[in-house]
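Q: Residue strings, one per chain:
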Amino acid sequence: MIIFVLEEFDLFTQGKQRLLYSLLDAMQTLTSHSVVIGISCRMDADQLLEKRVRSRFSHKKLLFTPLTTDDMQRLLEHLLYLPTDSSLPSDYLKEFNSNINNILSDNKFKEILDLLLAADNSISNIQRFLYQAISSMHFQTELLTLDDLKSAFSYHQRQPMLDKLQDASILELYILVCMNRLESREQDSYTFNSVMKEYKAIQDAYKTSDNYSKSVCQRAFEHLIERELISFANNRLRNLSVEYRPVRLLLSSQELYQSLKSNASCPAILQRLLNYETYR
Amino acid sequence: MAKEEGIPLSPGRKTRSSSFSLSSSLPQNHRTFFSHTHLELLHGHCHSEESISLDTLTSSLPGRKPQIHEILRLIGPLNSPMLPLLLYGGPSTGKTISVLQTFRYLNRPFVYAGCRTCYCPRILFNSVLRQLLIHEKNAGKGSSGARRCEKPSEFIDLLRISLIQVVNALRERNLKLGSEESDRGNMIYLIFDNVELLRLWDKSSTIVPLLLRLSEILKIPELGIIYISSSSPDAYYLCTGSIEPIPVYFPDYSLEDLHGIFMRNQSNPNLYSSFLSVVLKPFYRVTRRVDELSVAFHPLFEKYCDPLSDQCLVLDEAMKRRLFDNLQPHLASSLNDVFWVPSWASHQLKQEGEHRQKRFWKSIRKEASNELDFHMSMSVKYLLLSAFIAARNPATLDASLFDSSGGSNNPKRKRNLQTSLDKKDNMAEEILLKGPGSFPLERLLAIFQCITSVAESMVEDDHFENDFAIENENFRLTSDVLLQLSALCNANFLCKSGSCPLEGSTRYRCTIDEEMAVKVARSINFPLSSYLYRR
Chain A
1 MIIFVLEEFD LFTQGKQRLL YSLLDAMQTL TSHSVVIGIS CRMDADQLLE
51 KRVRSRFSHK KLLFTPLTTD DMQRLLEHLL YLPTDSSLPS DYLKEFNSNI
101 NNILSDNKFK EILDLLLAAD NSISNIQRFL YQAISSMHFQ TELLTLDDLK
151 SAFSYHQRQP MLDKLQDASI LELYILVCMN RLESREQDSY TFNSVMKEYK
201 AIQDAYKTSD NYSKSVCQRA FEHLIERELI SFANNRLRNL SVEYRPVRLL
251 LSSQELYQSL KSNASCPAIL QRLLNYETYR
Chain B
1 MAKEEGIPLS PGRKTRSSSF SLSSSLPQNH RTFFSHTHLE LLHGHCHSEE
51 SISLDTLTSS LPGRKPQIHE ILRLIGPLNS PMLPLLLYGG PSTGKTISVL
101 QTFRYLNRPF VYAGCRTCYC PRILFNSVLR QLLIHEKNAG KGSSGARRCE
151 KPSEFIDLLR ISLIQVVNAL RERNLKLGSE ESDRGNMIYL IFDNVELLRL
201 WDKSSTIVPL LLRLSEILKI PELGIIYISS SSPDAYYLCT GSIEPIPVYF
251 PDYSLEDLHG IFMRNQSNPN LYSSFLSVVL KPFYRVTRRV DELSVAFHPL
301 FEKYCDPLSD QCLVLDEAMK RRLFDNLQPH LASSLNDVFW VPSWASHQLK
351 QEGEHRQKRF WKSIRKEASN ELDFHMSMSV KYLLLSAFIA ARNPATLDAS
401 LFDSSGGSNN PKRKRNLQTS LDKKDNMAEE ILLKGPGSFP LERLLAIFQC
451 ITSVAESMVE DDHFENDFAI ENENFRLTSD VLLQLSALCN ANFLCKSGSC
501 PLEGSTRYRC TIDEEMAVKV ARSINFPLSS YLYRR
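Residue numbers (the UniProt record's numbering), protein chains in the order written: chain A, 1 to 280; chain B, 1 to 535.
Here chain A stands alone, though its shape is the one from the complex:
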């Protein structure tokens, strides 16, 4: 009995589906026992098949549903408990497992778990979270504590966009604020030159100490593109230089506002510029 297992079955349905057709065809004509099992993340994978392939398909679908809460509990126990027949000393095993038991029944843990699963309740998410917790287990106590789980949760909940904004230099923040102002005026497409015009207008109005030349601003602009905080609006005009290609912001005003507020070294004028339209 030969079993063919095709993973990511939907990728086989691209193009002419020659492999699928010949495989399913061979199964019908040959006398040997063989089975083709396809695994896919797409619910409509069988709809992607061509007519001739679908007619040879047996239309049997097995649906794997996401975990219920009971299953989740069983999964956690399976992942966290040490097996009783392992080679470790038995009193350590008992201590570890009873500790895990206490944690699993703790309310705070249930809260953390709910928050974690609210965003993504797939098994890989839980695995990653538990791996981070286990790796931060303290070597002296050799037990998993709730603090480990809490710190793993905070690592899990990083927001890359806000981190990137914290890393931007002051000049880069100026450019982002200028772009935000241009977007809030509903200019459809704007280029680096328009951003520079806005920047110069702000410098003329406020006379800050951050007045830099065009080449320095262009370098900061290119940094922002590298970090993917802004990007080119379309890829067609690739031959033009950076100054003339239309760009757009990849973050929302809310994120920009939040990060400016939490940035200690950000000049107060930037927050004001975000809020107010005119140069007051």
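Read the hints as simulated data drawn from the structure, not as lab findings.
In this text the structure is predicted, and so the values were computed from the model without any measurement.
Beta carbons: idealized from backbone N, C-alpha and C, even for Gly.
Honestly, I wouldn't trust all of these hints.
[Stated by the list, open to error] Straight-line alpha carbon distances no greater than 30 Å define the calculated DSS-like cross-link-like pairs of lysine-lysine that follow:
no., chain 1, residue 1, chain 2, residue 2
1, B, Lys65, A, Lys197
2, A, Lys214, A, Lys197
3, B, Lys219, A, Lys60
4, B, Lys151, A, Lys214
5, B, Lys281, A, Lys200
6, B, Lys151, A, Lys150
7, B, Lys496, A, Lys214
8, B, Lys519, A, Lys200
9, B, Lys519, B, Lys381
10, B, Lys151, A, Lys16
11, B, Lys65, B, Lys281
12, A, Lys261, B, Lys65
13, A, Lys214, B, Lys281
[Unchecked claim] Ranges of calculated distance between the beta carbons of each label pair, as one might list FRET restraints:
no., chain 1, residue 1, chain 2, residue 2, range
14, A, Pro83, B, Arg130, 55 to 63 Å
15, B, Leu175, A, Arg54, 51 to 59 Å
16, A, Glu226, B, Ser505, 35 to 43 Å
17, A, Gly15, B, Lys519, 54 to 62 Å
18, B, Pro66, A, Pro83, 31 to 39 Å
19, A, Leu19, B, Met516, 52 to 60 Å
20, B, Pro77, A, Arg54, 51 to 59 Å
21, B, Arg130, A, Pro66, 55 to 63 Å
22, B, Ile123, A, Leu19, 48 to 56 Å
23, A, Ser154, B, Lys203, 47 to 55 Å
24, A, Thr29, B, Asn79, 22 to 30 Å
Mind docking chain B on chain A? Use the hints.
A: This is chain B only, laid out in the frame that chain A set:
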């Protein structure tokens, strides 16, 4: 490089290893930032180099201590399986060097493949397989020779075979070890650097999921994979639910970290730290990247040390004040430079002596930057200017600007020009947004002929009492001009744009900016501004 009998090696050629040993003799100012380069580290992982302690690791990489600890705890102790890691952070934040140094400290076998040097899938696959082969050899097993692969499917098969062989070889070697040799563990680690470049490759839709799901596809518990990327993890979300790598974030360096980094390996720490206290904060507002800051600091530090006769002096407050005053004017101009290229004029000044006052130096520097640094022939300059004019002016203006006699000396023509200019108020806005337009070859040559005939007549008028002969041949439309056109294209002053599908003629774009055009015009006394359309 094979040494053959009787054929002497020319003295200019150096092997890579010899040039690395020379690097330690360079003066302190030019010492590279890290004491070891990547190449040495990579050689080290194959041969047994002496490993470093944890303190050396954290002290050699200032500011990266929390990240190193995070990596260490996620990799775990010897022989513990791990989930894949993704280290991400901005450029020049020390990701690659941290990982490589960490592995030197851990002394575990690893394979390093950078997606910048291995720029297509075939090279990436072959590099990984070759390094695994070296590990097999080191672990004592003979190998069956290099394997090459082209397709991802072959790569997976060959990789699985190689990995299993390496793991078995390592296990056998560890069993046979005495107590004096260190146990390098049973695990092997793959490090992929610059993973964000994968998305720009041709076959990115297959390569990116392949590499990111490598651990799941291979299912070898002794394999650990680490990805290093400049983009954040949300650039790599695959919608097919595999185990995503665990992200480790490398933030940019803070002010204190930068101070620590720049203070390393300085011959005179006091002097340099007083220099940094002046210079670091203003530059920190512009950029935080170490490579850009070091490029900017290097010439500034030389200027800072200029007045000091004896560099090993201990500084007091008055001295520091003096040095700061000396540096102050250069600071402002350096903040507005992207990089400082020493021009020919400034080299001359250096040779003549250092007795210039700072005022004079500044004015000299300004003048030097107003002139062209390289030499171009007259016709090339005219060609470049005509390209600039063609790019900046809308085509409909040509009739009013140029006529067969050249120039806009005619008052009636001037009036016409003014009225046509007034009608085109939106043009300047558009030009500012869309950039200089493209122009066909015929228009470029027409403008070239017009301005050179003007120049000829002007030169004849002004200089006819002088003796020097004017080369009329330069200004006629000969094949020389077309040759120079292609030379300009090669030098990237002009570039070919898309050709019009109806006419089929090629169009060009001018890539120089106004500053350079003004310099060129000034060098031949050409009135550029009278030809340019300005709002």
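Q: None of the hints should be skipped; say for each whether it holds.
A: Structure-based check of each hint:
no.: 1; hint: B:Lys65 <-> A:Lys197; in the structure: violated (42 Å)
no.: 2; hint: A:Lys214 <-> A:Lys197; in the structure: holds (10 Å)
no.: 3; hint: B:Lys219 <-> A:Lys60; in the structure: holds (28 Å)
no.: 4; hint: B:Lys151 <-> A:Lys214; in the structure: violated (46 Å)
no.: 5; hint: B:Lys281 <-> A:Lys200; in the structure: holds (23 Å)
no.: 6; hint: B:Lys151 <-> A:Lys150; in the structure: violated (44 Å)
no.: 7; hint: B:Lys496 <-> A:Lys214; in the structure: holds (26 Å)
no.: 8; hint: B:Lys519 <-> A:Lys200; in the structure: holds (24 Å)
no.: 9; hint: B:Lys519 <-> B:Lys381; in the structure: holds (10 Å)
no.: 10; hint: B:Lys151 <-> A:Lys16; in the structure: holds (20 Å)
no.: 11; hint: B:Lys65 <-> B:Lys281; in the structure: holds (23 Å)
no.: 12; hint: A:Lys261 <-> B:Lys65; in the structure: holds (27 Å)
no.: 13; hint: A:Lys214 <-> B:Lys281; in the structure: holds (21 Å)
no.: 14; hint: A:Pro83 <-> B:Arg130: 55 to 63 Å; in the structure: violated (40 Å)
no.: 15; hint: B:Leu175 <-> A:Arg54: 51 to 59 Å; in the structure: holds (55 Å)
no.: 16; hint: A:Glu226 <-> B:Ser505: 35 to 43 Å; in the structure: holds (37 Å)
no.: 17; hint: A:Gly15 <-> B:Lys519: 54 to 62 Å; in the structure: holds (56 Å)
no.: 18; hint: B:Pro66 <-> A:Pro83: 31 to 39 Å; in the structure: holds (34 Å)
no.: 19; hint: A:Leu19 <-> B:Met516: 52 to 60 Å; in the structure: holds (58 Å)
no.: 20; hint: B:Pro77 <-> A:Arg54: 51 to 59 Å; in the structure: holds (52 Å)
no.: 21; hint: B:Arg130 <-> A:Pro66: 55 to 63 Å; in the structure: violated (43 Å)
no.: 22; hint: B:Ile123 <-> A:Leu19: 48 to 56 Å; in the structure: violated (28 Å)
no.: 23; hint: A:Ser154 <-> B:Lys203: 47 to 55 Å; in the structure: violated (38 Å)
no.: 24; hint: A:Thr29 <-> B:Asn79: 22 to 30 Å; in the structure: violated (50 Å)
Figure legend: structure checked against the earlier numbered hints; hints not met, in rising order: 1, 4, 6, 14, 21, 22, 23 and 24.
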